[in-house]
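J.: Spelled out, the chains give:
Protein chains: 2
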Amino acid sequence: MASDNTVGVALIGCGTVGSGVARLLINDHDLLASRSGLDVRLRHVVDVDFTRARQVGVDEGLFRKDIDDALKDPRTHVVVELVGGTTLARTFVQRALAARKHVVTANKALLAHHGAELWAMARAHGVCIAFEASCVGGVPVIGALLGGLLANEIDALYGIVNGTCNYILSAMAGRGAAYADVLAQAQADGLAEADPTLDVSGEDSAHKLAILAGLAFGRRIDYGAIHVEGIDTLDIADIRYGAELGYTVKLLAIARRQDDGLSLRVHPAFLHDTHPLAGVNGPFNAVSIFGHAVGHTLFYGRGAGSMPTASAVVSDILSVGLGAATAQFARLGLWPDRAEPARQLPIDQLRGRYYLRLTCQDSPGVLAAVTDVFGRHRISLSGVLQHEPDDGGAGVPVVITTAATLEGNIRAACREIDALPVVTAPTVVVRIVEEHQEKLP
Amino acid sequence: MASDNTVGVALIGCGTVGSGVARLLINDHDLLASRSGLDVRLRHVVDVDFTRARQVGVDEGLFRKDIDDALKDPRTHVVVELVGGTTLARTFVQRALAARKHVVTANKALLAHHGAELWAMARAHGVCIAFEASCVGGVPVIGALLGGLLANEIDALYGIVNGTCNYILSAMAGRGAAYADVLAQAQADGLAEADPTLDVSGEDSAHKLAILAGLAFGRRIDYGAIHVEGIDTLDIADIRYGAELGYTVKLLAIARRQDDGLSLRVHPAFLHDTHPLAGVNGPFNAVSIFGHAVGHTLFYGRGAGSMPTASAVVSDILSVGLGAATAQFARLGLWPDRAEPARQLPIDQLRGRYYLRLTCQDSPGVLAAVTDVFGRHRISLSGVLQHEPDDGGAGVPVVITTAATLEGNIRAACREIDALPVVTAPTVVVRIVEEHQEKLP
Chain U
1 MASDNTVGVA
11 LIGCGTVGSG
21 VARLLINDHD
31 LLASRSGLDV
41 RLRHVVDVDF
51 TRARQVGVDE
61 GLFRKDIDDA
71 LKDPRTHVVV
81 ELVGGTTLAR
91 TFVQRALAAR
101 KHVVTANKAL
111 LAHHGAELWA
121 MARAHGVCIA
131 FEASCVGGVP
141 VIGALLGGLL
151 ANEIDALYGI
161 VNGTCNYILS
171 AMAGRGAAYA
181 DVLAQAQADG
191 LAEADPTLDV
201 SGEDSAHKLA
211 ILAGLAFGRR
221 IDYGAIHVEG
231 IDTLDIADIR
241 YGAELGYTVK
251 LLAIARRQDD
261 GLSLRVHPAF
271 LHDTHPLAGV
281 NGPFNAVSIF
291 GHAVGHTLFY
301 GRGAGSMPTA
311 SAVVSDILSV
321 GLGAATAQFA
331 RLGLWPDRAE
341 PARQLPIDQL
351 RGRYYLRLTC
361 QDSPGVLAAV
371 TDVFGRHRIS
381 LSGVLQHEPD
391 DGGAGVPVVI
401 TTAATLEGNI
411 RAACREIDAL
421 PVVTAPTVVV
431 RIVEEHQEKL
441 P
Chain D
442 MASDNTVGVA
452 LIGCGTVGSG
462 VARLLINDHD
472 LLASRSGLDV
482 RLRHVVDVDF
492 TRARQVGVDE
502 GLFRKDIDDA
512 LKDPRTHVVV
522 ELVGGTTLAR
532 TFVQRALAAR
542 KHVVTANKAL
552 LAHHGAELWA
562 MARAHGVCIA
572 FEASCVGGVP
582 VIGALLGGLL
592 ANEIDALYGI
602 VNGTCNYILS
612 AMAGRGAAYA
622 DVLAQAQADG
632 LAEADPTLDV
642 SGEDSAHKLA
652 ILAGLAFGRR
662 IDYGAIHVEG
672 IDTLDIADIR
682 YGAELGYTVK
692 LLAIARRQDD
702 GLSLRVHPAF
712 LHDTHPLAGV
722 NGPFNAVSIF
732 GHAVGHTLFY
742 GRGAGSMPTA
752 SAVVSDILSV
762 GLGAATAQFA
772 RLGLWPDRAE
782 PARQLPIDQL
792 RGRYYLRLTC
802 QDSPGVLAAV
812 TDVFGRHRIS
822 LSGVLQHEPD
832 DGGAGVPVVI
842 TTAATLEGNI
852 RAACREIDAL
862 PVVTAPTVVV
872 RIVEEHQEKL
882 P
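Chains as they are written, first to last, in our numbering: chain U, 1 to 441; chain D, 442 to 882.
Heads up, a few of these hints could be off.
Restraint ranges, calculated between C-beta atoms of paired labels, are given here [as the list claims (entries may be wrong)]:
1. U:V384 - D:H470: 22 to 28 Å
2. U:K439 - D:A860: 34 to 40 Å
3. D:D701 - U:D260: 54 to 60 Å
4. U:A368 - D:E829: 56 to 62 Å
Hints were generated in silico from the structure; no laboratory data involved. Backbone N, C-alpha and C define an ideal beta-carbon position, used for all residues, glycine too.
Using the sequences and the hints, build the whole thing.
T.: Here is the structure:
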């Protein structure tokens, strides 16, 4: 930074999060100075719409339509990219790095898809990228991976990292309402986007998983090889049956060592009610990280929202200004542009337990036919729950939970089961995720 | 560090934690190098007893009886102090700083009592002190306060920060066993020290509170002005009555803004079963931190033990080697040697809810006499639970919960109540700590 401890900031994108950042930089200038020892100055706000910037009291003299006005200013030390997406934002970040400005960003999609390229570019220009705000809002999970947990070989990471999905699932379970109804209500309340695809498809969670797993395991993650399922196909019936069995459903982002590879995946999962992540509700997020020395650690807080995310952005600005983020960026070996590619296991090789809901004719011998298939695929059942038919028409639901097995076996068995004449609808599969066991020496 | 990324470490004290540190540095040299980019070398192990050092495979050529042998070596960059206590350890840290060695320590007592002096001394010699391991074992709470939460004005911090106490309280509640019995069992199992005073008196928790609160609020904490009560006087009867009312008992370390001061205290507290800290059991610890931008964040994990604590020590060594810890130490404004003294409120000014267990004669008019006292002290009751006398001899227990009031009022009322002729034993008081409300804008 400047020799007088001044940090000049250019804010690119002043929407929900950007206006929160502007608010902290303007209203809390003296608080930030007394805590950090730094004089952080908002120099430029680049956007096409300044409505929110005006609302939070940004001096109109700082408004810019052209990012170059911000980049050519030698008093700009840090560029905060809050445009989002992977097109314009990518160009802006590249231009900021080329202009030798440090970049602070909340853009998980950009880093998941183009992280290695951007990290290398930052390095080539002697600047850094800080991105605490890209994962789990203001909860400093990235800081933990780069700092306090650095001495650990990470064994597994389990996260509830999308607030919209967690809100919808909590509401479905709490109110017994169907997905579409809860989503519509969440949209009306401003808790879900008008186009919620990125959230409910699991893609947003997968972006965060790619970033977190890359740092946790010190490996370059191939985003395209992450297995991703969303919550948009979840049936309230399965949430109810799961509850009967003592399970809560959550959209989990999981990265776990298995055999000599990494299992990386995002999908709805049944957690037993006693699982540490089962009680994470509403808009709150949490990430469990298991290290070989530290054991189980868990980080919890608001995973989204204007001020929580702004908290992470501004803390990153301070960390860059202090030289802490730059030191980590320059020297750590776990950055994706330096690390080996991860060996990502295909989903068929996942080993775990499964919840299956079969829909069968209400006739003798059905269970025998079905259990025969499981037996031939060497799948042990751990529970069977057969309900009365709801209306006599659509078939009888048979809920089965299995012991640990390979997902490939489950898929093969389900293909056979769904082809049985007595089975009247495709079998629903939900993965059961058990509490991860610490491997302390 | 050395120009070739080598970090030389001298370990002072090779007991439970020290041997964990040695183990990580020796066995995981290559893992640490690939993650951090640093070549960390154990150069000296200073102790009077090398039994554990031998057990974890430290080369005997590194054993030293005299700390000066470690300090005079220019290849020693970081001194790890794991002696404990405030006498010898203080001298060792002073000598290390005077020799211009960075210090990494897990010593909460030393920092709580002499932090400001040692920080100033480190600064004067151009080195830093890193101390993640001093609070909550391997859980990177200090890293969060210095990093990812730095942009926040902290409103409150609530911690379960002593594993021994939490284990004992969890066991008392779970098994319905008395304090002395559970403690004896914990000592037999190696889960409590032979002399458990520092833990069960609350003093260890208060040391950690002094450190955490100092950083959270950017104020110099007067350790002697922290109100401290331990778990050693807790009666199993109150744990049972609390459970009937929906409360779990935990030893909490609390720092909270109230009026224009800070309320800092350690005491057993009743938490409603739905409180985020109520489910933290056994040897696990957790800290809730409330920031003005980030809202509620919670950090959870193992608060003690050889490897979890060693995880924090080694992560600190890496952070010093990277230059991140040194940058924070040099520039942040919130360090106790730079900060203003905190305005710590006396316990009488604490505002909260209370659980009271009165012991009264089984005679008419008792409740009227008692409630009259509360009325005169303007204390509103929120619940009364009167039980049958257990044996007819010791009086009838009357359990009362109050609405929020000042502790000074409670103390004055209890003095009057205990002086009533119908009251046959001193009134037991347990503070009820309700879930802290986020103050998001």
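J.: Would you mind marking each hint as holding or not holding in the structure?
T.: Status of the hints after comparison with the structure:
About 51 Å separates the C-beta atoms of V384 (chain U) and H470 (chain D), a value inconsistent with the hinted range of 22 to 28 Å. The beta-carbon spacing between K439 (chain U) and A860 (chain D), approximately 58 Å, falls outside the hinted interval of 34 to 40 Å. Between D701 (chain D) and D260 (chain U) the CB atoms are about 59 Å apart, so this pair conforms to the stated range of 54 to 60 Å. Taking the beta carbon of each, A368 (chain U) and E829 (chain D) are about 58 Å apart, inside 56 to 62 Å as hinted.
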